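**Student:** The listed protein sequences correspond, in order, to chains A and B. Numbering-wise (my numbering), the first sequence opens with residue 1 and increments by one. Numbering-wise (my numbering), the second sequence opens with residue 1 and increments by one.
In case anyone wonders, no lab produced these hints; they're calculated from the structure. These numbers come from a predicted model, not from an experiment. Any given hint could turn out to be false.
[To be verified] Derived SDA-like pairs: lysine to any residue, alpha-carbon spacing no greater than 25 Å straight-line:
| hint | chain 1 | residue 1 | chain 2 | residue 2 |
| --- | --- | --- | --- | --- |
| 1 | A | 206 | B | 368 |
| 2 | A | 206 | B | 370 |
| 3 | B | 246 | A | 88 |
| 4 | A | 74 | B | 255 |
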Amino acid sequence: MPELKFSKHSLRDKMLAWALLFILPILAMIGYTGIQASRAYEQQMHDSMTQILRQYAAEIDSVLSEARRYVVNKQINLREWESADELRRLQAISEAGQAISEELSLHTQVDAAFVFSESQSRINFIQNYNRPYPESRQAAAVLQEQLSGRSRDLLLYPQGFLHFTAGDHTYLYVARDIPGGVFGCWFDVETLFVPLKGSGLDGIEKIMLADRGGVYLDKDFSTRSTKRLQQALRPYFLTSEQLSTIPYRLTVLWNPNVVYAPVRTWLMRSGYFSIVFAFLLFIAYMVILQFSLVRPLNRLAGAIGSIEPDSRKPIAIPRHEPTEILNVYTALNSMISEIDELKIRVYEERLVKQNTQMQLFQLQIRPHFFLNALNTVISFARAGNYEQVRRMAQYLARHCRYVLYNNWFVTLQDELEYTQNYVKMLSLQRETDIAYDISVQDRLLDLEIPILSLQIFVENSLKYANIQQEALAIHVDAERQTVPNGELLHLSIRDTGAGFDPQTLAVLNDPKIEEHYGRDHGIGIANIRQRLKILYEGRADVAFSNSPDGGARVELFLPIRHQKGGEDG
Amino acid sequence: MKLSIRLLSLAALCALLCVPWAAAEPIYATLTVPIYFEPTIPSDIGLVNEALNRITRRKIGAEIRLIPLLNTIGPSADPRRAAEMRIVRESGVSFDIVIKGYMQDETVLLDSLLAEYGQGIQEALGEDLLDMARSSGPLHSLPAVSDHVASAGIALRSDILRKYNLSTENIHSLEDLDSIFQTVSEGEPDMSMVCGQRTSGSFLYRLKYTMVLPNHAIDRSAENPQVLTNYYATQSYSDAVHLFRKWFLKGYLPDQLPFGSVNAAQLVRSGELFSYFCAYKPGIEFEESVNSGTDMTVIQLMQPAITSRSLSLHNWGISVSCRNPGKAMQFLNLLYTDQETVDLLMHGIEGTHYVRNEDGSIGRPAGETADEIGYVNNVTWILPNQTVSSVCQGMDPDVWEQTAAFNRAARPADTLDFRFDDTGFSREASEIASIAARYTYGLETGQLDPDVYLPQMIREMDDAGFGEMLSAAQTQFDQWRMGGGQE
Numbered sequence: 001m002p003e004l005k006f007s008k009h010s011l012r013d014k015m016l017a018w019a020l021l022f023i024l025p026i027l028a029m030i031g032y033t034g035i036q037a038s039r040a041y042e043q044q045m046h047d048s049m050t051q052i053l054r055q056y057a058a059e060i061d062s063v064l065s066e067a068r069r070y071v072v073n074k075q076i077n078l079r080e081w082e083s084a085d086e087l088r089r090l091q092a093i094s095e096a097g098q099a100i101s102e103e104l105s106l107h108t109q110v111d112a113a114f115v116f117s118e119s120q121s122r123i124n125f126i127q128n129y130n131r132p133y134p135e136s137r138q139a140a141a142v143l144q145e146q147l148s149g150r151s152r153d154l155l156l157y158p159q160g161f162l163h164f165t166a167g168d169h170t171y172l173y174v175a176r177d178i179p180g181g182v183f184g185c186w187f188d189v190e191t192l193f194v195p196l197k198g199s200g201l202d203g204i205e206k207i208m209l210a211d212r213g214g215v216y217l218d219k220d221f222s223t224r225s226t227k228r229l230q231q232a233l234r235p236y237f238l239t240s241e242q243l244s245t246i247p248y249r250l251t252v253l254w255n256p257n258v259v260y261a262p263v264r265t266w267l268m269r270s271g272y273f274s275i276v277f278a279f280l281l282f283i284a285y286m287v288i289l290q291f292s293l294v295r296p297l298n299r300l301a302g303a304i305g306s307i308e309p310d311s312r313k314p315i316a317i318p319r320h321e322p323t324e325i326l327n328v329y330t331a332l333n334s335m336i337s338e339i340d341e342l343k344i345r346v347y348e349e350r351l352v353k354q355n356t357q358m359q360l361f362q363l364q365i366r367p368h369f370f371l372n373a374l375n376t377v378i379s380f381a382r383a384g385n386y387e388q389v390r391r392m393a394q395y396l397a398r399h400c401r402y403v404l405y406n407n408w409f410v411t412l413q414d415e416l417e418y419t420q421n422y423v424k425m426l427s428l429q430r431e432t433d434i435a436y437d438i439s440v441q442d443r444l445l446d447l448e449i450p451i452l453s454l455q456i457f458v459e460n461s462l463k464y465a466n467i468q469q470e471a472l473a474i475h476v477d478a479e480r481q482t483v484p485n486g487e488l489l490h491l492s493i494r495d496t497g498a499g500f501d502p503q504t505l506a507v508l509n510d511p512k513i514e515e516h517y518g519r520d521h522g523i524g525i526a527n528i529r530q531r532l533k534i535l536y537e538g539r540a541d542v543a544f545s546n547s548p549d550g551g552a553r554v555e556l557f558l559p560i561r562h563q564k565g566g567e568d569g
Numbered sequence: 001m002k003l004s005i006r007l008l009s010l011a012a013l014c015a016l017l018c019v020p021w022a023a024a025e026p027i028y029a030t031l032t033v034p035i036y037f038e039p040t041i042p043s044d045i046g047l048v049n050e051a052l053n054r055i056t057r058r059k060i061g062a063e064i065r066l067i068p069l070l071n072t073i074g075p076s077a078d079p080r081r082a083a084e085m086r087i088v089r090e091s092g093v094s095f096d097i098v099i100k101g102y103m104q105d106e107t108v109l110l111d112s113l114l115a116e117y118g119q120g121i122q123e124a125l126g127e128d129l130l131d132m133a134r135s136s137g138p139l140h141s142l143p144a145v146s147d148h149v150a151s152a153g154i155a156l157r158s159d160i161l162r163k164y165n166l167s168t169e170n171i172h173s174l175e176d177l178d179s180i181f182q183t184v185s186e187g188e189p190d191m192s193m194v195c196g197q198r199t200s201g202s203f204l205y206r207l208k209y210t211m212v213l214p215n216h217a218i219d220r221s222a223e224n225p226q227v228l229t230n231y232y233a234t235q236s237y238s239d240a241v242h243l244f245r246k247w248f249l250k251g252y253l254p255d256q257l258p259f260g261s262v263n264a265a266q267l268v269r270s271g272e273l274f275s276y277f278c279a280y281k282p283g284i285e286f287e288e289s290v291n292s293g294t295d296m297t298v299i300q301l302m303q304p305a306i307t308s309r310s311l312s313l314h315n316w317g318i319s320v321s322c323r324n325p326g327k328a329m330q331f332l333n334l335l336y337t338d339q340e341t342v343d344l345l346m347h348g349i350e351g352t353h354y355v356r357n358e359d360g361s362i363g364r365p366a367g368e369t370a371d372e373i374g375y376v377n378n379v380t381w382i383l384p385n386q387t388v389s390s391v392c393q394g395m396d397p398d399v400w401e402q403t404a405a406f407n408r409a410a411r412p413a414d415t416l417d418f419r420f421d422d423t424g425f426s427r428e429a430s431e432i433a434s435i436a437a438r439y440t441y442g443l444e445t446g447q448l449d450p451d452v453y454l455p456q457m458i459r460e461m462d463d464a465g466f467g468e469m470l471s472a473a474q475t476q477f478d479q480w481r482m483g484g485g486q487e
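Assemble the whole structure, with the sequences as input and the hints as a guide.
**Tutor:** Structure, rendered in structure tokens:
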């Protein structure tokens with residue numbers, strides 16, 4: 001496992017962050033879905049339980065309705081119970097008891113039927129099948145007390161079912177006046193709940209009735225304090241249904257742990273599964289990340305780091321690396337190869353530049369030219385032609401100043417003046433008159449051109465064109481030319497000589513003139529071509545031709561360059 | 001592919017191995033058997049039924065379906081009993097084993113079944129008792145080992161007796177109770193003094209066991225045992241009902257009479273009754289104390305006797321509708337002989353409903369009250385043979401030996417094999433029974449003035465032809481005596 005130390009620049013940690021960015025929302029979504037599912041289940045359970053409760057409420061309503069109907073329709077006369085004839089009285093009581101016993105077998109949920117004798121202020125009751133007697137007796141005593149009270153009229157039908165409490169039990173009763181007393185029946189509310197309790201529904205904690213005022217008929221929940229009631233009800237899941245026969249609500253308290261047990265178990269399982277799955281996924285992701293990206297990258301970085309500065313060897317490409325990493329290796333090797341080639345080219349260019357500069361120096365210094373000039377001065381001095389000596393020395397001094405104190409670029413004006421100085425010096429030296437005509441607009445004089453770029457061609461004209469002619473004229477024109485890529489300075493050097501022979505012209509116009517280096521037209525022309533290439537990166541050109549009216553013509557096409565090195569276009 | 005074939009082969013082998021075992025699960029004959037409780041049916045009856053089946057599958061290769069019924073009203077006609085039985089029958093229940101006296105089902109002759117499957121029963125009952133049972137006719141049902149003796153007693157709250165320092169040593173008759181009731185009623189004015197075993201029952205219910213022909217109001221004369229007379233016209237009956245009238249007029253009887261039919265023990269339990277008439281036998285005080293929820297003292301009111309009635313009170317037989325009488329007899333044999341079965345039906349499941357003490361007696365689980373135990377059986381006396389069961393904690397350890405001695409000491413009635421052929425008197429018999437039903441409950445609980453209604457009842461009986469029927473009975477009795485029926 002990699003060391004887990006977070007760094008915001010680490011690819012691994014970024015990928016980790018991204019993984020968390022995906023996994024955490026997914027976990028959150030699972031959690032949210034779980035909560036929503038839980039709520040939906042809760043609502044569904046509530047609806048389902050209410051539906052079930054409704055059925056049982058209807059059953060209770062039915063039982064109570066039947067009991068009420070029974071009480072209302074029961075024919076019983078307590079006057080016979082007061083007969084002076086003991087046998088008749090006994091028979092009346094026995095027969096009534098037997099009849100009620102039999103009738104109770106049809107109302108199995110009635111706990112007891114009772115008669116209240118007004119004359120005796122006493123309740124006689126018959127408990128139904130399978131009911132414990134002591135509770136019934138206790139209930140009868142409470143009811144007897146109520147019915148003996150003055151407000152008895154308020155406690156009878158048609159008020160319908162009312163309730164009373166005896167011991168720990170709550171009872172509903174319905175009663176009506178009969179001759180000589182009251183007849184009625186009561187239900188232990190717990191008996192009414194027996195079908196619901198025996199329904200097999202899990203989680204029922206308490207079944208109660210609540211009266212009109214919302215007070216529960218149960219000793220544990222009978223408080224009228226809303227706060228206490230809420231507190232008491234809080235642990236439960238509550239459903240309730242209004243009974244139609246009586247003004248009470250049937251309320252069931254469910255144990256939420258039991259009711260929600262299935263969904264909770266499912267949610268817990270799915271939650272645990274999700275977390276474990278997410279964790280395993282994360283681990284797997286980290287391992288895959290480690291083996292498929294981080295380690296290959298580290299190997300790549302190590303391979304790159306191990307490249308020696310002057311090594312031309314390509315990096316050894318490991319097998320089994322991911323394709324993308326292999327592509328990087330290949331690209332890197334390709335880059336190494338290109339860098340290597342570039343280094344060679346730069347080196348070569350530097351060599352060319354050095355060579356070119358060396359040639360330029362040779363052109364500038366040219367000791368042979370100086371020696372000739374000095375010989376000319378000496379010959380003028382021997383002849384006592386001191387004026388010639390002075391002029392020659394003056395031209396030579398200008399010549400030396402120009403070539404020694406300038407480097408690559410000079411203004412067009414300087415080059416024209418120097419060329420003129422050069423022509424004059426040669427004219428004096430050869431004692432011939434050389435016409436040197438310049439046709440340049442003033443606004444072009446400040447443009448910069450490579451040093452000796454005119455002088456080379458003028459020198460060539462003087463050197464070759466003057467062989468068989470008495471008088472040579474050299475014309476220099478300059479103009480700005482507009483071309484698709486911008487503007488060029490067009491320099492033209494024409495002479496009135498014999499012009500170039502075709503063979504020379506072919507050599508001169510050959511871009512690879514350096515291959516002809518050393519020939520007649522070699523060194524100067526090659527040098528100027530090389531310099532133009534270096535200085536203008538191939539954007540300058542030189543062309544050789546013969547004028548239609550005879551004589552050689554050299555044309556230079558130079559990008560516009562102002563003083564201080566700025567170029568136009 | 002090879003793996004799949006191996007797995008399939010394995011599954012097929014498993015299936016083949018399982019099939020014979022599944023098929024070997026036996027199908028047991030099921031016997032439907034009634035079981036009585038009071039005052040309510042225990043909630044764990046299902047658990048006990050399952051435990052019983054585990055025993056019966058093992059011991060007789062049958063399953064039992066127990067049908068719990070309530071004994072709140074005794075064998076007397078009661079609408080609720082009729083309703084209960086109707087509901088049970090309507091639900092499709094057909095009893096294979098029946099309790100005569102409680103159920104009206106016809107039963108099969110038992111002699112051959114008894115010979116084949118009931119050796120244990122024969123040993124438990126003994127030849128003498130079986131002969132007595134046969135003396136009244138073909139053997140259609142079997143008497144109980146423990147409760148075939150006529151006896152009567154009265155159960156009184158021991159705490160009240162102690163409170164008023166009342167001794168029961170000299171109490172032997174109904175008249176002797178008068179002074180005790182007098183003292184207690186003065187001290188406990190809100191308490192009723194006495195009641196039958198049920199509020200709908202007569203005080204003389206058990207004392208009538210000695211009647212020669214209780215269904216026809218015919219008994220032997222006290223002065224001359226060879227002469228038959230109207231039981232209700234005897235001096236002893238007149239004395240008894242006058243005594244009860246006196247108690248009634250003193251307000252000794254419960255309020256509920258005769259509207260409902262409540263077990264008197266329940267009235268004691270709710271604190272409104274001091275005493276009630278009951279059986280008398282060894283262990284009866286323990287039984288009634290459990291029923292009443294308080295310590296009861298039981299006083300013997302008659303000498304034990306074996307009569308044709310006592311022999312047929314709750315006899316066990318096999319219904320003619322039973323499809324497997326052999327298995328039914330085998331189950332009856334278990335009820336008469338098998339301690340495990342009887343202990344289960346009497347006390348429930350060990351560890352759940354009772355614990356077994358070091359001395360082997362049955363104790364209540366620690367920390368549980370009687371109401372919290374899921375299985376309590378207060379009607380154990382209805383079982384054919386309690387004496388094979390374990391003794392409860394608090395009972396005499398030798399209670400079953402005492403019972404055997406008590407039963408042995410009981411004098412068999414000398415008229416056991418006398419049967420009155422009332423052919424030709426069915427109308428009279430029916431009318432007389434109807435008259436008796438109308439008057440006797442009121443007279444025998446003091447609610448009817450005997451000076452008015454006893455002569456009235458006797459007169460009505462005479463008007464219904466009692467004299468002619470008595471005369472015919474006397475003739476038959478004389479013939480029976482002449483035939484050597486009387487020793």
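**Student:** Honestly, which of those hints from before does the structure not fit?
**Tutor:** Of the numbered hints given earlier, the structure breaks none, since each of them holds.
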